[in-house]
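Peer 1: Build out the structure end to end from the sequences listed, making use of the hints.
Chains as they are written, first to last, in the working numbering: chain E, 1 to 374; chain F, 1001 to 1213; chain R, 2001 to 2155; chain H, 3001 to 3364.
Mixed in with the good hints there might be a few duds.
Result set (DMTMM-like, lysine to aspartate or glutamate): computed pairs, CA atoms no more than 25 Å apart in a straight line [to be verified]:
1. H:3074 with E:14
2. R:2143 with E:56
3. H:3146 with E:39
4. E:57 with R:2066
5. E:18 with R:2126
6. E:301 with R:2126
7. R:2143 with E:170
Ranges between beta-carbon positions, derived for each pair [as the list claims (entries may be wrong)]:
8. F:1032 with H:3014: 36 to 42 Å
9. F:1117 with H:3009: 57 to 63 Å
10. H:3009 with E:151: 54 to 60 Å
11. H:3144 with F:1169: 38 to 44 Å
12. E:192 with F:1158: 53 to 59 Å
13. F:1039 with H:3314: 53 to 59 Å
14. H:3318 with E:274: 25 to 31 Å
15. H:3014 with F:1021: 32 to 38 Å
16. H:3050 with E:192: 54 to 60 Å
17. H:3336 with F:1021: 47 to 53 Å
Footprint (simulated), chain E over chain R, 3 or more residues, beta carbon under 8 Å [what the hints assert, rightly or not]:
18. 2043 to 2057
19. 2066 to 2078
To be clear, the hints were calculated from the coordinates, so they are not data collected in a lab. Here a beta-carbon is modelled for each residue, glycine too, at the ideal position from N, C-alpha and C.
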Amino acid sequence: MSTFPPNPDLVTEEFELKMGPHHPSTHGVLQLSLTLDGERVVACRPNVGFLHRSIEKIMEHRTYAQGVPLADRVDYCSAMTSSLAYVMAVEKLLDLTIPPRAEYLRVIMSELNRIASHLLAYGTFTLDLGGTTPFLFGFRDREKVLDLFEETCGARLLYNYMRIGGVACDIKPGFLDRMIAFLDYWEPLLSSEYEAIIDENPIFYNRTKGVGVLSQADALRYGVCGPNLRACGLNNDIRKIEPYSVYPELEFDVPIRTEGDTFARYRIRMEELRQSARILRQCAEKLPKGEYLARQPYELKVPAGETYVRIESSRGDLGCYLVSDGSERPYRCKFRTPSFSHCSVFSHLFRDCLFSDIVAMSASFDIVLPETDR
Amino acid sequence: MPFSMDIYAWDSFPIDTLLFWCFAAVMLISGLCVVTVKRVFHAGIAMIVCFVCAAGIYALLGCPFMAALQLLVYVGAIATMLLFAVMLTDKMMEPRPNTTFFQPFMGLFASVLLFGLLWLTVSSSKFGFAGWANSTAASSSAIDITSLSTTNIGLRLLTPYAVPFELISVIILATLIAAIALARKEDRSPADSGTPADAPASPAEPASTPAKE
Amino acid sequence: MNRDEFIKAANQAMPDLHAKADTANPDAIVVNSADLHGLCLWMRDDPAAQLTYFEFVTAQDWPDRDEIVLVYSLYSHPLGHRLMVKTALPRRDPQIETVSDIWEGANWSEREVYDLFGVTFSRHPDLRRIMMFDGWEGYPLRKDYTHPNLIHRPE
Amino acid sequence: MLIALIAIYAAVSVNALFLIWLERKISGRIQRRQGPMLCGPKMMAQKSMWLGGWFATACDATKLIFKEDIIPSKVDRLGFILAPIVVMLAAIAVYVPIPWSATSYHQTEQVTFAFADLNVGLLYIVAVPSLTVFSILTAGWSSNNKYSMLGGFRSVVQMLSYEIPMVFALMGPIILAGSLSLGDIVKAQTQGLFGIPFLGWFIIPSVIGAAVYFICAIAESNRPPFDMPESEQELGTGFNTEYSGMRFAMFYLAEFSNAFVVSSIFTAVFLGGWSIPGITPPPELNLGFCILPYFDLLVGLVVFSIKAYSVLLILMWIRWTFVRVRPDHLMNFGWKFLLPLSIANVIVCTVIAAVQQIYYGGLS
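Peer 2: Okay, here's the thing in structure tokens:
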């Protein structure tokens, strides 16, 4: 018990601060209404829905083939993986097997997209902590990945590259060597530049170690997935536990850490970058010849039925629940997105911490608002 | 011809008398503002302007040590603390109560009394006008300028006035401890004393039942 | 455990459940809405099921059959299997008990279903619209939803 | 007298403009990109990265001058207008006692070339930043928005709690030199330590003091990694969120002139201002066809600015590599680590000064 009785007339009044939706560090349009007691955060209530484009409603009025560009926009930071989930759901309903070359091209593109998205996450995470130099490192190399995308599918952010039955177009002749050249240039940089400037930095340690610790039970209760759950010590990489497309033929390992704090999440993403590079190198060798698209009729009629397909996008397990009633338009299409559940963890996690911790923790979860609001 | 920066062209233009008058004028006006201005925050700013002008006059009187000290102690610490207090309580204070009828007279009476007292002390003590700080023609006067230099102040502090100097440091220590004791939050339960900021022991209300806005 | 073992185990655990297999969805079971809450508790706590991971809840609007079908999807990391539970609710005033006390992840998903389909979840801690602003009337994802600036494709 | 005042203003603002350009070039270089390259003559840009775009800050300054000065309606007008003026005043007032150079040594009566070599130089330098504390507080409070208020409080807390270790760190050289005036401190550094002529610089006897002062100086001038008050990511440039146009330019120039002041004080107090150990430049240099007057002043000025800019480069280098410190770490670090260290430094310096006094006949 403290020897000094609390001072009755020293009444401190908490004040409400709305952080967002227009705020430099909320990664899009998320509003956190914080009740602050001076510098300390007492409670936080995230409000979402500012970027709700009702993609699911529009999909109900579009044919299956027109749904692919819409699925891209569910998560524009890794558009390949979100359209991949939709396309695989449709193929599962049609139970259509696609040519092996298309499978490999899909894996190459989604792994490249994972690298681009993790570089974005690395940049914004360190920028939110105040380090502007790593941010520029991340974006400089992300440009090189986007050039590879632009060369194949003509776009840098929303690719519209997946098709029901394969991929939109084959890769240019010199694509693989350019990709390998990029990997050779970029992989040593990971340790020599990216981690060198940040990892041994004591200020970075103090700001991230033991901040925003999420226990595995809480994470499961809130439906956290992807790197954030692997940081709590659970292997939930769908490419391993529910292997889809050609992942069984590629060997790579899944980084797992048990602390569950901001630093662990950051480390997991850096390791995943290395694993993606490894996968890309194997795909470059094993890419078979042959067809890249099993062409489907434009007015495709999918037999009635429901299916739920889950893939490992860069932010977690992205699922597409598709209901069709036999017509050429999906009856109901629901995207289960990782950022939606990550956002719901914020109200549980941002309690009794400092204002500047909020920025660090929300950046470490790498949430992206288009996914949350769909 | 050794170049010497010493001799400014002080005497050709009575710059220091001009400076003195404007310092004094600004000081008087800001002093008045402190009392009359509506918002407390503006009164705080006026008070700071008053302190800065006082520091200016000290500098002109040839005692830069006092001027720097004045700036450091008054403007840096006391005024900032006062502004802090004003800022933190500004919302809670209801608008300025209208002063009742006979308050201005009380004020006038008190100020006249104070002025009389000041006049007595000033006129009874002997002042020799020692000329402005840097003017070379330092006429012989009751108080010679060099006695006010920093080294003399330092020496006097530690030799003849050593005892009060130590006493002051003890008092300051006491006030420091009292301030820390006052500012502590409610009783800190020993469990969470490790948290970075001393969080109150009050159970945090569950975030999922927010107050209806 | 695949779907049929789930049905046998569920019917065994709760005699008056009468869980049936769903026709359209290969790994979904159909339950009537009254005893959904009991089933969810059993699914999370039963050592054979251990469905501790709540993925999502969504709804399908069938105006011709005049019912809204709720779909719960649950997954179990330790055992690696998934189960989907479907219940039917009347279209006029769909009402069901919340499961957010079993899994906190359901809190936001149920708010989304409430916002887009109009299904009210009783005893939900913070049932507000999540996507639309609070003053929005109507439930967008219902099939018969019309809005002044909603343009339908010319047939 | 007035010309001296105008000279200070001109020198400070031009210097601040140059510093902004230098900062952007250095940050570019650290981030493996070129800094501003477009504003400025094309052919110089082609020659080398460092020559390109040296018009950039001039363009920024003119742009900011012509930008509209918006004063939001619900703002406390007096405080809002007063704050940038006082910040600029304090930033320029600190330049007064800095000893740029001095007449050559063998003269009996050595005169330091400074704007005004006060005999309370260091105390003045510690006193004037308290004006910036006041103005940041008023800026934060009077712009009447929660973020700038938070930024204002954070900056006051940070500056106050780093002023005390800074003062203690400066205590070391004062004891060694025996006087507060910066000119005397630099003169004391020209004599050697313990009889060895080359160890004159005060960074050698009070190393701890130099380190502590450097850290506190970064915190005092609100530069990263201590830039909690205007951290873009959290508070949206903290206290100067509501400012625009010329007022924002004032805050910006004040920050950079503060950085230069801090590094020049570090050179004056710890790196032996204008003195090159061992070499004393002659008063006039006759180049055969003409006599270069005040040559020693010139040499002193050049040496001083080389040292000051090198310290500044370190400041910039630190700015672009470190992550921001959390406020409570800031406080713990300041109070529990820097303060005891600086007090220890005072003890060490008194011991050295005593030894110096007894065996080697004193410094001054």
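Peer 1: Starting from the hint list further up, note which numbers the structure goes against and sort them upward.
Peer 2: 6, 7, 9, 13, 16
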